[in-house]
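Undergrad: Residue numbers (the numbering used here), protein chains in the order written: chain A, 39 to 389; chain B, 39 to 389; chain C, 39 to 389; chain D, 39 to 389.
Just so you know, these hints were derived from the structure itself, not from any lab. Just so it is clear, the structure is predicted and the values come from calculations on it, not from any experiment. Glycine included, C-beta positions come from ideal geometry on N, C-alpha and C. Fair warning: there could be bad hints in the mix.
Stated by the list, open to error - The calculated DSS-like cross-link candidates involving lysine-lysine, where the alpha carbons are at most 30 Å apart (straight line), are: (1) B/K356 / C/K253; (2) C/K345 / C/K314; (3) C/K59 / A/K269; (4) D/K178 / B/K345; (5) B/K356 / D/K253; (6) A/K252 / C/K135; (7) B/K209 / A/K209; (8) C/K363 / A/K268; (9) D/K270 / B/K253; (10) D/K270 / B/K178.
What the hints assert, rightly or not - Covered stretches of chain D, going by a simulated chain C footprint (3 or more residues, C-beta under 8 Å): (11) 112-126; (12) 129-140; (13) 319-328; (14) 350-360.
Protein chains: 4
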Amino acid sequence: MKALVYLGPGEKAWKEVALPKIQHPTDVIVRIDTTTICGSDLHILKGDVPAVTPGRILGHEGVGTITEVGSSVTSLAVGDNVILSCIKSCGHCNFCKQGLFAHCLGEEGAVGIGWIFGHLIDGTQAEFVRVPYAETSVYKVPEGVTNQQAVMLSDILPTGFEIGVQNGQTKPGDVVAVIGAGPVGLAVIMTAGLYGPSKIISIDLDANRMEQAKKFGATDGVNSGDPQWKKKVMALTDGWGVDVAVEAVGLPATFDMATQIVRPGGHVANVGVHGKPVELRMQDLWIHNITISMGLVNTNTTPMLLKLVAEGKLNVDKFASHHFKLDEMLAAYDTFSRAAETKALKVIIER
Amino acid sequence: MKALVYLGPGEKAWKEVALPKIQHPTDVIVRIDTTTICGSDLHILKGDVPAVTPGRILGHEGVGTITEVGSSVTSLAVGDNVILSCIKSCGHCNFCKQGLFAHCLGEEGAVGIGWIFGHLIDGTQAEFVRVPYAETSVYKVPEGVTNQQAVMLSDILPTGFEIGVQNGQTKPGDVVAVIGAGPVGLAVIMTAGLYGPSKIISIDLDANRMEQAKKFGATDGVNSGDPQWKKKVMALTDGWGVDVAVEAVGLPATFDMATQIVRPGGHVANVGVHGKPVELRMQDLWIHNITISMGLVNTNTTPMLLKLVAEGKLNVDKFASHHFKLDEMLAAYDTFSRAAETKALKVIIER
Amino acid sequence: MKALVYLGPGEKAWKEVALPKIQHPTDVIVRIDTTTICGSDLHILKGDVPAVTPGRILGHEGVGTITEVGSSVTSLAVGDNVILSCIKSCGHCNFCKQGLFAHCLGEEGAVGIGWIFGHLIDGTQAEFVRVPYAETSVYKVPEGVTNQQAVMLSDILPTGFEIGVQNGQTKPGDVVAVIGAGPVGLAVIMTAGLYGPSKIISIDLDANRMEQAKKFGATDGVNSGDPQWKKKVMALTDGWGVDVAVEAVGLPATFDMATQIVRPGGHVANVGVHGKPVELRMQDLWIHNITISMGLVNTNTTPMLLKLVAEGKLNVDKFASHHFKLDEMLAAYDTFSRAAETKALKVIIER
Amino acid sequence: MKALVYLGPGEKAWKEVALPKIQHPTDVIVRIDTTTICGSDLHILKGDVPAVTPGRILGHEGVGTITEVGSSVTSLAVGDNVILSCIKSCGHCNFCKQGLFAHCLGEEGAVGIGWIFGHLIDGTQAEFVRVPYAETSVYKVPEGVTNQQAVMLSDILPTGFEIGVQNGQTKPGDVVAVIGAGPVGLAVIMTAGLYGPSKIISIDLDANRMEQAKKFGATDGVNSGDPQWKKKVMALTDGWGVDVAVEAVGLPATFDMATQIVRPGGHVANVGVHGKPVELRMQDLWIHNITISMGLVNTNTTPMLLKLVAEGKLNVDKFASHHFKLDEMLAAYDTFSRAAETKALKVIIER
């Protein structure tokens, strides 16, 4: 079969590789019908994620059709149309039992991290993929949901909702600020609407992206390049700051912004992937009665979000900006890697 | 009357001042029967808290007898024996309505901070004190509770419980680590027991204090001067770290320690007062699924803690290490300021 | 002044009475600009609420202008446009300190019940009203909110939200069923939308009311007169029942319906006012993992709901079905008491 | 092998039956080393549970040694000493994914109920037992925990804690009343201590059992045969009632008692197994701001409780009142069925 293979920093290829095989009774094999590319795939390609070794098939998002099931699998069958989650869950380790799938200790890629596809085992940017712990890690696509919609459930939608909205303890009436209007920031904006906020403020440097943010539910936009940005955010509240400040960039400067605009009693939710330490102004913040949260998605809200997509309550088609075929994988990478220019959000790659 | 007056950095006096008077219908005047000294009083005396201006009577902890009530006060009467809370609450501002008394916007000292005694208005290290918003800021001492016990409810016990234990989301079965075994750290240790933890680990540099910590409920002690300290903490867990790490010192190094030992899904609760920024290793922590909390006590658990003291469930007499009379105030300060040497915890100062 | 006075079972009059006076330093006097009638006013008139004695001015909803303030009131001023809450809060009793204003122990009407207007003291269906505990019991109307909108905050909106939606622990993705599509049931339906449910099912005997319910946010309607009603509700879920079943009628039969359609792990929230015991089928329900909640509104979500009205997120004008002047009070009662026929929801009565 | 077999109402035998065999890759076979008898076993024997058919081996509690593992089992091995939970969890159905193991939809005994041992499949009062969904349904016994201690984790301890203490939303400072001082009531009393209550009141008709309750942590006892019982309970609170009232009997009268003594804002937690409807006085309770909860244990707190037993924080040996060998099964039943006379709590039956 063909797959997108990482060959070392800066090197990748769409090339012929061996078909995956069932290795454990709890595995299934899935034919990929729809996949996409994540910002972290670009990080891997830069060589920023040393755990990914040359020869690894990339990709942790995908929707497909089961072609083979392990001997202990009873609730899934060949032909089922399923969403592959970016996080595996063995279902029985200490962390899984607490719903902390992000840190699943299951034997596969046993380092206490649930993210294994395209990281510690071969991923979803391929014609076929082996899926470990299938019964506790995949979700059947309900009738009426398209593959394009379903693939947003692999990562982006639960990440925005769990790590941004829920960790931020968003509640009805809140003012929510989201710093960064890339795909994950937009997923935060869309799913924040599930908790009845009074305002959702999109903060970004790019006027075009903030305009787009309004299509996802932002009520206001503030350009972070404006020296008056903080004053403008405060003017959108009662003067004391926002209830929830979501960091969806991953830089020290944007993290600091979040701590500057959060009100007493409010919450900073970090969604961004960071590569450097940040300075936390504890001399001011110790008295400020805030929480700061961070983490990898557990995907335990995936079934609920999928239900809302099926009911037409979350219009996730908006994320799909470009369409490719699987064998146009390199073109898809090219378009996605030049997002500022191409205005790519999620590129849909189909069989 | 006599009072302990701040005269500028490094300068204080126990001197004659005017008696306080009712200024608002919601005020009461209280004769101080028991007071004590807090670490933050020492900070003020060093000149570290610029909001405190020369001439200010210090102290934010105290128990006393009401001698006069404002015209709108109906639920308190002359002769009532009451606990003065370190935090005032007007009861009707936006923050008070949400239980966030720490940021009460009430007119007195209207800067959005509930701590006003010995800070923005005259405090409790005096023979008499004016208490604003009395009906929403004082608590009657129940029968069977001594003044020495009651004064622990002014600040130290609710601070340890709310900011350490509750913000840390402590729950039955948890392993709780408390960094710093000073009075507030010990209050965290004592009140952590209210949530049925499996272990409470006291971490400190001073072997004597860790020994003392066991009297307050610590099950284990780890000396932070030991190069193997982290390994030793991990050995007391399943190898993945503690559920709750409480910082009760206020230094960048101890804050960093807390983030090193917290498990995935765990909580860092900052109780320490910080004077400098801290470096947060977001490059490692972003994926770690933790929360970090911080803040000033709201004192909304004071009635509950008082009930537990009255029922004999919290033996707070253990905090009282030394006893003085009001006119021995300067000696009390001397003893408390040399705590490492005198082994002072809370010095009880009585009429 | 003129007021609607209860004269004993079945008897009422719009008659001249004495103007109210400030009695306590915490009181204010309010000129009523807008008021309305509640179903419980009709209950009182039938003689069903013995605590209401002849001579009592009825009404517990209203918006008006402050004309006089007590001596301790500092945060309200003559001329302020305020919402009167159906629940008073003294702000300092044990129950108020826990946010349980519904059971405020404040001296006025001191029986542990927060509802006093038109019940234990004179109410709001009058030209003027005395408001006890004003600073902790009224809310300033924000700019851009009309009196007609604001009066929905006196009772109906917080009741629907707190007792139906919040007690029902509604969360994103839930299927919510609301039994009874009267004004309070519609308030449940409207505010359930704040938690992102996947479906809101209106259940009623009246096809017209169910049609109306869709304008308030219901996605589906089931006629409870249909012998297949339960089967139809189940068909709208995965077959296991609804997540949240709200009883908004107050009869044994409708209460039983709620317990029949709630799924394992789900919640029954009683909003209806009951006059008789109900039979609870514990032989089936003990194993069913449900909660049943009930209670009087606390109104502590009033500021939040008001913010959402001000932001245009809750279109409460839909509740206003008829308009009257104060001196048309008896006509307003007539219209409201024949709601089935007049299709009255809330009748707006203005100065 | 030998097993205790139900032969129809009133009939049972300790007789030779076939050895169990692995049926699914996720099964294990366990040699029973320690088992016990539950009150519900007596109900079954009376014929009260029609789902149990003649020929069924009874028992849903047990600790034993794994003798065989299914082909997909990787985290358990022959020789492991494990606790069998009274509730199975397939780990991947909708209910299991939400932690609602009590209603596991897994194929075995697929009626949406997690309790299958000694109910829908053969149970633990036997020399060997087949355990379905083993990796998600058994717990390894940690070092230092005896089988006698471990068997309390099969049912009684998590049931008391989850259905009584946690459903009752017990929190520090609460007054908790437990109606019924049988084994499960005592488990509620013991585990209520994990939330730092100010008082635990045991209410029972039997003076001897109330005395015993104090050994499990009750601070007070009230005899429900005393006509002044309610007054006495109220006198132990501030006059407004208890925060948490746990029903641990299963009768209409005791259920009603719980609703009489709960304070505004409080919680009634039903633990008892009911055979008849109860009358709920909604005419009084609708305004009372309470919740009533009920359900079957999920056992998701079993690992946590086991940790506390291992740390010596829960002295569960107190439950073991009598000891038997497996082939004395009928004598054990005889002793347990005459508990009022024999003062039996849990009878320990060992290999």
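Undergrad: Is B/K356 within 30 Å of C/K253, Cα to Cα?
TA: Not satisfied, since the Cα-Cα distance of roughly 63 Å exceeds 30 Å.
Undergrad: Compare the distance between the alpha carbons of D/K270 and B/K253 with 30 Å, and conclude whether the hinted pair is satisfied.
TA: Violated: D/K270 and B/K253 sit about 36 Å apart, past 30 Å.
Undergrad: Closer than 8 Å, Cβ to Cβ, for at least three residues: run that test on the stretch 319-328 of chain D against chain C and report holds or violated.
TA: holds (count 9)
Undergrad: Go check the stretch 350-360 of chain D versus chain C for me, would you? Three or more residues, Cβ under 8 Å, otherwise it fails.
TA: With 0 residues closer than 8 Å to chain C, the stretch 350-360 of chain D misses the three-residue bar; violated.
Undergrad: Holds or violated: C/K345 with C/K314, Cα cutoff 30 Å?
TA: Measuring from Cα to Cα gives roughly 37 Å; hence the hint is violated.
Undergrad: Take the C-alpha atoms of B/K356 and D/K253, compute the straight-line distance between them, and say whether it is at most 30 Å.
TA: With Cα atoms ~27 Å apart, B/K356 and D/K253 stay inside 30 Å; holds.
Undergrad: D/K270 and B/K178: Cα distance at most 30 Å?
TA: Distance ~25 Å between D/K270 and B/K178 Cα, so the pair holds.
Undergrad: Can you confirm whether the C-alpha distance between B/K209 and A/K209 stays at or below 30 Å?
TA: Roughly 23 Å separates the two Cα atoms, so the pair holds.
Undergrad: Mind checking the alpha carbons of C/K59 and A/K269 for me, to see if they're no more than 30 Å apart?
TA: This hinted pair is violated, its Cα atoms lying about 45 Å apart.
Undergrad: Counting residues of the stretch 112-126 of chain D that have a beta-carbon nearer than 8 Å to any beta-carbon of chain C, does the count reach 3?
TA: violated (count 0)
Undergrad: Can the restraint linking C/K363 and A/K268 be considered satisfied, given a maximum Cα separation of 30 Å?
TA: violated (47 Å)
Undergrad: Hey, D/K178 versus B/K345, does the alpha-carbon distance stay inside 30 Å?
TA: violated (40 Å)
When each numbered hint is compared with the structure, violations occur for hints 1, 2, 3, 4, 6, 8, 9, 11 and 14.
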